[in-house]
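K.L.:
Taking the hints into account, I'd like the entire structure generated from these sequences.
There are 2 protein chains.
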Amino acid sequence: MNHIPVSQRAKNTPASPIRKLTPSAKKAKEKGVRVYHLNIGQPDFPAPPEFLKQLKGFSQKEVTYAPSEGLSEMVDAWKTYYHSHAIPFEKEDIIVTTGGSEAILFALMAVADPGDELIIFEPLYTNYLTFAQETSVKLVPITTYLKNGFHIPNNPEIEKKITSKTKGIIICNPSNPTGTVYKRSELKRIAEIAEKHNLFVISDEVYREFVFKVRSISMMEFSFIREQLVIIDSISKRFNLCGARVGCLASKNKKIVEAALKFAQGRLASPTIEQLSAVPLLKNYRKYTKSVVEEYRKRKNAVISVLKTIPGVKFYLPEGAFYLIAELPIRDAEYFCRWLLEEFQDQGETVMFAPAQGFYQTPQLGIKEIRIAFVLESKKLKRSMEILKIALEEYKK
Amino acid sequence: MNHIPVSQRAKNTPASPIRKLTPSAKKAKEKGVRVYHLNIGQPDFPAPPEFLKQLKGFSQKEVTYAPSEGLSEMVDAWKTYYHSHAIPFEKEDIIVTTGGSEAILFALMAVADPGDELIIFEPLYTNYLTFAQETSVKLVPITTYLKNGFHIPNNPEIEKKITSKTKGIIICNPSNPTGTVYKRSELKRIAEIAEKHNLFVISDEVYREFVFKVRSISMMEFSFIREQLVIIDSISKRFNLCGARVGCLASKNKKIVEAALKFAQGRLASPTIEQLSAVPLLKNYRKYTKSVVEEYRKRKNAVISVLKTIPGVKFYLPEGAFYLIAELPIRDAEYFCRWLLEEFQDQGETVMFAPAQGFYQTPQLGIKEIRIAFVLESKKLKRSMEILKIALEEYKK
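Sequences listed follow chains X and V, in order. The first sequence begins at 5 in our numbering and counts up by one. The second sequence begins at 5 in our numbering and counts up by one.
Simulated from the structure, these hints should not be mistaken for lab results. Computed from a prediction, not measured in an experiment: that's the story for all the values here. Hints are supplied without guarantee of correctness; some may be wrong.
Copies of the same chain look alike in the list, so a pair counts if it fits in one copy or across any two.
[As the list claims (entries may be wrong)] Taking lysine to aspartate or glutamate pairs in the EDC-like style, the calculated list, with each CA pair at most 16 angstroms apart, reads:
id, residue 1, residue 2
1, K33, E397
2, K142, D117
3, K65, D48
4, K65, E54
P.N.:
Pasting the structure below:
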């Protein structure tokens, strides 16, 4: 029996920072401690009744491959959805993907070859690191800071990262993991830089409706870079259908869509039944998202109402999505988060956060930070923040 | 507006040879000609009633992410399935994937880095070419021939392709696109070569039950290379659930499973509902596969009963799966297949095949060959072969 090493990319792919502490959470539960899970972006809302109704009404006898580009009804539903946002995508611009995740993979492969570089703002959605390893693309991070609400730095800070290997800029707006919603002026700067330097822009807009103050601007509004733009989308968060795995890649660049179609043909098809069941939702998205956004607003306020009373905790007001990154008055957030699960409890309860270090590509950043996901009801969130407060007092002793 | 080139890998990824002639088929249909589709591996069987029953019985209110490694019930169902085949996979050896397709992608990324080589036998399942382009891995083809029923050549023919870059050997057994079922002695030679040269073996066994004479041997039977082995599997063909997208990667190599889990975490999860619905099938697979294999046997016989009467057509007896590659007495099968769709008809009917050239990586091979998929009932298959016979007579005039 030989022990052959796995690939370098397999070795370099990071384990999920969100699920890293799961064994510690398991230990807590085994001791009978209740754990509030604020580590993962898995909301607690029910699936829309219309989705479940469609599912139960599935009447086909055969469960055949969908077309690789997506069921025609589903592609059309995405088109209708975009048009209701005044985003001018037509059916031929859209490839249905197995979740937004697959759209990211297709986008990276379509714009970059091994060794090519993509600029990304950190803290970042960590799975970009995985997809970059998988495709041997180099992510070049530009750090954003809590004190600025994680907004984008000035142009020279961005342009100094551009090399002959740079193929594009990745942006996630509203941002996971920071909850930042970028201003029109920021996004316009990105568009202008992309135009000036011949770069693609990969714009991950899966949280489009999840904004608390101003609406989220799609990169598609900057018509002068439309053909350089790849949009990543998903129904997962928008309709609380994380498990349904339906997303899309959309672009006005015909070569990008052609590439995505070839990649889509390689994996044959996305799930037929879950596509069919999701069609009605995209055709009338406001019906679902409006109340959900209101609920997230309440939750954000609940989190903040307690967070601001904890001495030494630094945070900012998230403008969208359902995350917040907070800096804690401690040395090492990962150590603290593990301690929360393995050694601490208050009245039989504790809380699980994602240490934010895993959301940075640059080493040694975010060491004192945690990501809080607003995925429980307000009362539980408040209680979670109270637990954090009590825990910090005890931890510092 | 800049016109930025897409990546080289996007350019190099082949379009699907199976779907290549779809525009020609469309033209035929627009003229009112009925097309028998024997080009694609999409069987016409209904989904198992138990799957549809499970689907309609889905009673969860929330459609949450499944665990990245798969729902525990689903992983357990795969384990039960393997044990009933006397294949000793345990739960910790299995990662549920979104179809067999994703298992292939994970396997390539786990064993090879850009520029690394994998040996594969051609004619091959064409999507391997796509996944190799996506991951920048080089596939090194070893040609097999119709006159030998596409069986594997002798060891020196294989070993001369091994270089310092070779990381593994890919085998698909029973084979798509040839229907060849490899003998124990052939597979043992592959195992011995892998052991001698420190190579992984990626064994795609999605057609495991689909055999007409002898049972299919899993590479797992060669216990001396178990830790070098990655098994690719899928429910798509086995249960006529192509659209459900449930597969798995299984391996006794812990580093491989660890890598696959990290890749799985990157894309979060496989579809929850379709996983849940498929559980009962894997726990009692024989109930479904036995009658289906009998039907394929009849279909194969139907195809051959007419094929053998066509002058100049060369073929062999496929031993499994539901494909056959035939050599036609013409110069260019792709040209002929297009002609069949665009210019020919017999009593308002014609037939669509996949030209086999796309199943070879080596240029200029398979030019006279087509792949026939037994995906229609025997009567339609016989009629399709009659159409082929009449068409060849007319074409040669």
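K.L.:
Now tell me if each hint is right for this structure.
P.N.:
Here's how the hints hold up against the structure:
Taking CA atoms no more than 16 angstroms apart as the test, K33 paired with E397 passes in neither setting, with 23 angstroms inside one copy and 74 angstroms between copies. Taking the shortest Cα distances, K142 and D117 sit within 16 angstroms of each other both inside one copy (9 angstroms) and across copies (14 angstroms). Proximity of K65 and D48 under a CA criterion of 16 angstroms is satisfied inter-copy only: 10 angstroms between copies versus 33 angstroms inside one chain copy. In this homomeric assembly, K65 and E54 come within 16 angstroms of each other (Cα to Cα) only across copies, at 12 angstroms, whereas the closest approach inside a single copy is 21 angstroms.
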